[in-house]
Amino acid sequence: MEPSNTNNESKYWRSLRAYHNDPSVNEDKAREFAKEVTGDFDLDSMSPISRKQFLALVTASAAFAAAGCSSYRDKGQIVPYTKKPEEITLGKANFYASTFIDQGQEYGILIKTREGRPIKIDGNPDHPINKGKISARGQASILNLYDPERLKDPMFVDSGILSKSTWKEVDGRIVASLTSAVKEGKEIAIVAHTITSPSAKKVLNDFTAKYPTAKIYSYELFNDLNRRSAWTKSTGGSLFPLIKWNEAKVILALESDFLGSEGNIAEQTRMYVENRNVDNAKNISRVYSADGTMNSTAMNADYRLRVRPDQQLEFILALINEFKPVGKGSIKEFAVKNGIDASAVKQLVKDLGENKGKSIVHAGNGLPESVHIAVNVLNEILGNSALYNRAQSGVDHVDPTKKEEWEALVTRMNNGSVGVVLHWDSNPVYHFASDLGYAEALKKVGAVVTFAEQQNETTAVSNYVLPVNHEFESWGDHKTRTGIASLQQPVIDPLYNTRQKEAILLAWTTGSYAVTDYHDFMMNRWEKEVFPATRSSVEFKTFWFSALHDGMVTVNEPAAAVPSVKSDALNSVSTVSVSNDFVLFLHDNYFVGDGRYANNGWLQEMPHPASKIAWDNYAALSVATSRELGIDEGAMIEVAVGGRKLDLPVHVQPGLADKFIAVMLGYGRTVAGTVGTGVGFNANIFISKNASLSPYLYSGVTVTKTGEKYNLASTQEHHQLDDTFLKDLHKKREIIQEGTVVQYLEDPKFLEKEHHATTIIPKIKYDGVKWAMAIDLNKCTGCGVCTLSCNVENNIPVVGKEQLGKGREMAWIRIDRYFSGTSEAPSVSNQPMLCQHCDNAPCENVCPVIATTHSPDGLNQMAYNRCVGTKYCSNNCPYKVRRFNFYDFRNEFNDGYQYQQPLNMLHNPEVTVRSRGVMEKCTFCVQRIMEGRQHAIEEGKVFDGSGVTVACQDACPADAIVFGNMNDKNSDIYKYRHHEIGYHVLEEINVAPNVTYVAKLRNVETQTEKA
Amino acid sequence: MSSTALDYSKEISVIEGVPTAASLDEAIVKPINEFPQRNWFIGLAITGTMLGIGGISLAWLLWKGVGIWGINQPVAWGFDVVNFVFWVGIGHAGTLISAILFLLRQKWRTGIARFAEAMTLFAVLCAVQFVIFHTGRPWLAMAWLFPYPNQHGVWVNFTSPLEWDVFAVNTYFTVSAVFWYIGLIPDFATLRDRATTTIKKTVYAVLSLGWRFSNRHWQHYERAYLIMAGFATPLVLSVHTIVSFDFAVSVLPGWHTTIFPPYFVAGAIFSGFAMVQNVLIITRKAFKFEHLITMDTIEKMNKIMLVTGTMVGYAYIMEFFIAWYSGNATELFVFINRAFGPYWWAYWTMMTCNLIAPQLFWSKKIRTSLLASFILAIFVNIGMWFERFVIIVTSLHRDFLPSSWGMFIPTMWDFGLLIGSFGLFFTLVLLFVKFLPAIAMAEIKAVVPGAQPSHHGNGAAH
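So the protein lines, in turn, are chains A and B. According to my numbering, the stretch in the first sequence is residues 1 to 1011, in order. According to my numbering, the stretch in the second sequence is residues 1 to 462, in order.
Source of the hints: derived by calculation from the structure; they are not laboratory data. Accuracy of the hints is not assured; some may be wrong.
[Stated by the list, open to error] Taking beta-carbon pairs under 7 angstroms as the criterion, some of the chain A residues facing chain B (in silico):
no., residue
1, Val623
2, Gln716
3, Leu729
Each residue gets a CB set at the ideal place from its N, CA and C atoms; glycine is no exception.
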């Protein structure tokens, strides 16, 4: 924004004399000191050079000297506000409530802004769905706002070349196309993702009213169409109900990654951990995961059954048979046939039988419709429909488009009966099944208009590319649940010549192009539709501002009815014979989503929770299968199914099902900007419109070795699980200490040992505040959101695949993943690892320049300015949590990509950006501690450490991280610090760490613990 | 060779024949006053190229950062510190030969002392560059590693072994340089007197500090030399002890070992002698110094290598034993991993070169063979380089938490600086033999048979 008063000559005056141009003032000003200030020296006989002039000369000569030998980057100018905006105080953060939509899931957020720049996103604690937590993508989404490669101007294809244009020009041309399409009776297809906004829906309705041939289509790459259609077939209802995960005593997840990638992760994780509370050990729930992919849920499950997705139907039918004979196989036979642990299956049947109405069986989105029907039937039989939420349900604004409708659209496009296609912030060219022929059909459409934030595969084949606002620059409202209406507000002016996507359609409908149109439109709708429903007694404006402040309003609204499952539902399900061929399963990744976040380096750099591989997708194979094929990690294989072929690198994944290939979607973008283009492999090409089981599941797959090698970058080494030398080291070294619920109930002190760590050096006393952290491994699911939150808070650069592969990732908090047991049935332990802020920190005494020291409140500090980079501290750190700037990574990664404007605006101004050659590590968010201390001082209180939270803690959806003053006996951290199953990693070397880990209790029957 | 029948009652002559003082000067000064041989230029071209590779590697390092190397988390020290310890180790032979052996009246050292001292200085120079450039910000490290009063009010950390290193290496370099220079003064005077050009004359005159071969000068000289030898002697032991503290003070299994100081000192002498042996044999051949540096000297060097090599080998085995005996599972893991983990080849290279190879010196035939001595010394040099590689890399790459394990894979720039350091070393050696007397002229005259008064009369005529 341009300051409005730039033309006015400044007329500052210091006194009335000066204001009236009294000549004596000018005389005085010329002198350094007023006469008679001091009698010690005679002003007139002094050098004519004033102090200021002298200093100016000195600095100028120094600057000239420096300029000759310096190529330091121009840092620009730091100028204080001449006119202070009302809301902004320099150095103070402002928080704005808004809403973030992630693949159709709604998260209420608080956007932290500093001097008008959004710098950090966290959950809105008042939002009833996500209660203060957000997904990994939500954390990292701030990077997309400042991505230098955002589209900046509208463009259209002019004589074969996509060229920069103006809104006026493209508006005129597109409206003409729309009008002529309507005139000619040609269809206007609007291809959108899930529409979560009622106001957007209203805009679409108005648009359709104005242009009657318009039709709305909606899709998601990762959709729950199978679950929906199964629900309709089983009950006649249309919307699958919400599940009360927090009331489930037993959860059976069938290829359902409800803790990792499917659904509203923040909400589901919160509900899951409600029943993973050590202090309520009797009520710890039990999770079974029957899956082939070794997903997050499988890693956290108490019992894991290795069931391939195509065996799920047989499995679930056999399970139904245990409770209600339907004559479809026995579970024992199934277990024997497929080599599944019989005792675990027996336990599952027992638990489901004993917990009728208190358990839930949940099938993953990727499974075929038939499995979902069978699961619905099983839940009905077990009375588990009691766990369906009847007080609240989801809301659909636009039904997801069915397969047949897409095919019809493509046919019409090919016929030439579609005049305009509007890709409303969607990327169907990348997402759609290759055999649908969508990309070819687009060529027959006169005007292809793509709304996008960044270039993508679809913008590349469009006639018009319209840049849209980032969510943080846009107004919006969302409603994905009954009873909750959320608001989205812009926190920064659009950085470029962009408009929000709703406003563009609205303008084409109304013909008015004012910037505030959509805001007024939305407010108007709220006044008429939402406000009356709240039965609020205040006037609308007051209500509106309070709603904006809160980010949402709750209204009384009935939920959709949950019909019961029809008794004959199973009749439509026929058992499919399980083939002996390879089976291919396509599934969601954890970070880059449907590919939309491909250009987000932070998300690309997050290692997969199980494989710890980043910057790639791959064909995961089981250990036995890879041996059978004679291939190793990183070998390239050609995977072919029905003529669709793709070369993929192999990752040998312990725990994966045999004869099974699991591939993540969302990678292999070809037009995604500097960061995202060419990362991984586009497995979308496997998706067929004629998929018989599910679009994500294919049998009859052939695998051939290509003989090529590929380098997969991983943050953790891969070891053979059967190597006796390396096996279970994490347990032998007591890095991971675990027990079972039964064991804990019998003897809560089972982990306690006699310690003999003695020292002749007196312990330093920390009488005031002493910071400490505790991580409850019962709650941690290993999702990695903490890492992303830390990245954003602490200005951590992206290093790229090559550097990550070399072991130079910069994340301050990482999730260590350990496998124990066999490679077929590994047991997984996750452990967030960060600087332990040891009392006897081994890093401190070895630094020759005292760059790392200990604070009086127990922090292990880094003075970046002092660090010369000997790296000895890192060598001497037993936890290897120190991170070194081997390069100036911001410059090194993609030729200085991270130095491009406006990425500098992303940085947290409270945290130093570290230069090359400097060591860094977790600071326990010292900037937040200092802020808390400052507040206490301002308010004249004694600082007791309360109210200070760290970024990872704020972000943890499971609330597994506790931080605080361990000297405060009323604090949570005090309780955890002295927890009977709390332990310190590597206690024996007596570094006295300040991070306590609460041992994980597996809820298994003791007799099967060793299995 | 001079004594086929062993008669321990008689001293073996340090040099062969009974050369006159003039012919000794002639022989030693010849390479300095003559236009260098073609081989010298070929040698300089090779070492200059190596130095150039090092220069490019260094320039690239300063431009890009230490990321050009293969180091990472967890292996934050790689070739840089390996090379540092290697070169500091090499530097130990010189002072040992010139100081300790001097105090012990080992006259056979005379022929090689000057040479070995020069190599010490060059080796320490090579080592120092790695100390500076292994840091992330060498431009600051060069200043901030020294305690100097400053307005920041920050001081260095005297509890850090790296800080001890700064002092140990600096002291060592300074004392060695002064010691070397003192020894050179009479020879500079000889060179001045024999100089053929004015420039040479002037330079050598300045360097000789007005030496006039007066009796008084000699008395002061002998006294100063003895004192300096006394100064230097503890340094031979202290420097590598302190270098070993870089590792021993840490908590890392494989580093955290009390055996390190003696083990490192023995290793340093071992490698230092091997390097001296290598360079010596070449120079002896090139400048036809066979009568001044006798086979007997070479054999004695081999014996020292045999002793120190066996000590080092003992340390290797003792480390392993203690790892098991201590009951520390992590430490035992580190040692088994050294021998059988991904870096097994480095470990067995070290064991073969350092423990097994020098045992061949038990055979008189081998230790008096020029070729065998040369080859085995090369083996020892390789082995000692690998010893440091094994200690540093294999301990770091798999430490406490299996989650943070990694591999160190050196890059071309790692090798570039390694080659560059050899280039620097040998270039300096070549310049040294060209411009300075490779053998202490003044001293060697004192060990010529008959130079010392003896009741046998002319000592050589037995």
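Hints, one by one, checked against the model:
Annotation: interface hint on A/Val623 violated; nearest CB of chain B at approximately 18 angstroms, more than 7 angstroms. A hinted interface residue such as A/Gln716 counts as satisfied when its beta carbon comes closer than 7 angstroms to some beta carbon of chain B; here the least separation is about 5 angstroms, so the hint holds. With a least beta-carbon distance of about 5 angstroms to chain B, the hint placing A/Leu729 at the interface is held under the 7 angstroms criterion.
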